[in-house]
Amino acid sequence: MDIQTYLFYILAFIAFFISFLKDKKKTKAALKKAWKSFENLLPQLLAVVLLISVLLTVVNTDVISQLIGKNSGWIGVILSGLVGAITLIPPFVAFPTAAMLLDAGAGFMQIGAFISSLTMVGIVTIPMEMNFFGKKLTLLRNMLAFIFSFFVAFIISLVVAS
Amino acid sequence: MEKYLKTLKKYRLFIFNLSALGILTIFKPEIGIKSASLSVFQLTQMLLIIPPIFILLGLLDVWVPRETMVKYMGENSGIMGIFLAFIIGSFAAGPLYGAFPVAAVFMKKGVKFTNLMIFIGAWSTTKVPMLMFEMTYMGMKFALTRLAIDIPGIILIAFLLNRLLSKKEIEKVYLQAENLDTL
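Protein chains in written order, with my numbering: chain E, 12 to 173; chain U, 5 to 187.
Derived from the structure by calculation, the hints contain no laboratory data. Where a beta carbon is used, it is the ideal one built from N, C-alpha and C, also for glycine. Any given hint might turn out to be false.
Unchecked claim - To give a feel for the contact side, a few chain E residues facing chain U, derived at Cβ under 7 Å:
hint : residue
1    : Gln15
2    : Lys37
3    : Val65
4    : Thr68
5    : Leu78
6    : Pro107
7    : Gly116
8    : Ala172
Said to hold, decoys possible - Label pairs and their computed distance ranges (CB to CB):
hint : chain 1 : residue 1 : chain 2 : residue 2 : range
9    : U       : Phe163    : E       : Phe28     : 37 to 47 Å
10   : E       : Lys146    : U       : Phe163    : 18 to 28 Å
11   : U       : Glu34     : E       : Phe28     : 45 to 55 Å
12   : E       : Trp85     : U       : Leu164    : 20 to 30 Å
13   : U       : Glu79     : E       : Ile21     : 39 to 49 Å
14   : U       : Glu6      : E       : Leu93     : 35 to 45 Å
15   : U       : Glu175    : E       : Asn71     : 31 to 41 Å
16   : E       : Ile86     : U       : Lys171    : 37 to 47 Å
17   : E       : Phe28     : U       : Leu52     : 30 to 40 Å
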């Protein structure tokens with residue numbers, strides 16, 4: 012475990028302790044909610060981890076770095092941005108996946124585009140979004156968010172990759 | 005019985021993937037075993053990281069009163085409204101499509117359009133538990149850089165959308181929300 016994880020454990024413990032002293036009932040409800048969110052996440056998490064593990068074992072590192080590696084340039088960025096926009100992976104699964112891809116030779120700029128479009132753009136959920144926001148707003152929002160993802164990727168490549 | 009079926013349905017993709025991995029292991033033992041051990045490694049990593057984040061998430065959900073905050077996000081809410089939209093969106097749980105029904109409730113309660121879009125943006129990208137996960141996996145530099153660009157970016161997109169849509173079109177969206185059955 013790294014420092015961040017220890018930090019989160021300490022933070023969670025302190026928060027839990029204070030909450031427990033203030034209101035036992037509320038604290039119990041909080042724990043229940045925490046467990047429920049975890050339970051909801053678990054099926055997807057298990058399924059995606061298996062899939063990615065097989066994928067990373069079969070597809071060798073060379074292919075990944077060729078497609079979305081440092082030297083794949085904007086084509087790699089657009090490719091990862093598109094994959095991010097289309098797929099519907101929860102962030103809790105996406106970050107480990109992204110870290111695995113980075114280890115396997117993906118570039119920071121490309122992963123930045125993937126993460127950003129994954130979180131902000133949802134092509135699969137567009138019909139659902141239209142129910143709430145109407146056609147024009149939904150399409151505009153997703154388009155702007157998609158373009159913005161590339162900007163984020165670019166800045167990340169400047170800051171992190173250097 | 006029904007409960008088991010429900011659980012089975014929830015895990016159907018996992019079961020499918022697991023069986024596929026099993027078949028793969030029979031025909032290509034080397035790849036199968038390598039994939040399985042990679043999966044186990046990743047999962048144990050995650051199970052170490054997840055508990056504190058989800059406990060914090062649960063505590064936030066219980067202690068942060070959403071209802072009262074919405075009151076301060078109306079037409080003349082100014083910077084306070086923007087701030088609250090960020091806070092509420094950032095402390096929420098669940099995928100982006102979970103935000104749409106909440107957004108509909110916000111519209112019914114008269115939350116300003118730009119604040120509504122900021123809330124959606126915050127829900128999708130600046131969520132606190134997600135950020136904690138991101139820091140652990142991608143490093144502080146990656147996570148904080150993204151956050152630093154995302155905050156102004158979300159505000160910019162919200163105001164751009166406000167500009168690109170006419171007053172009438174926005175009114176239509178709000179009117180449509182009135183007729184939706186939510187929560």
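Structure-inconsistent hints, enumerated in ascending order: 5, 7, 8, 15 and 17
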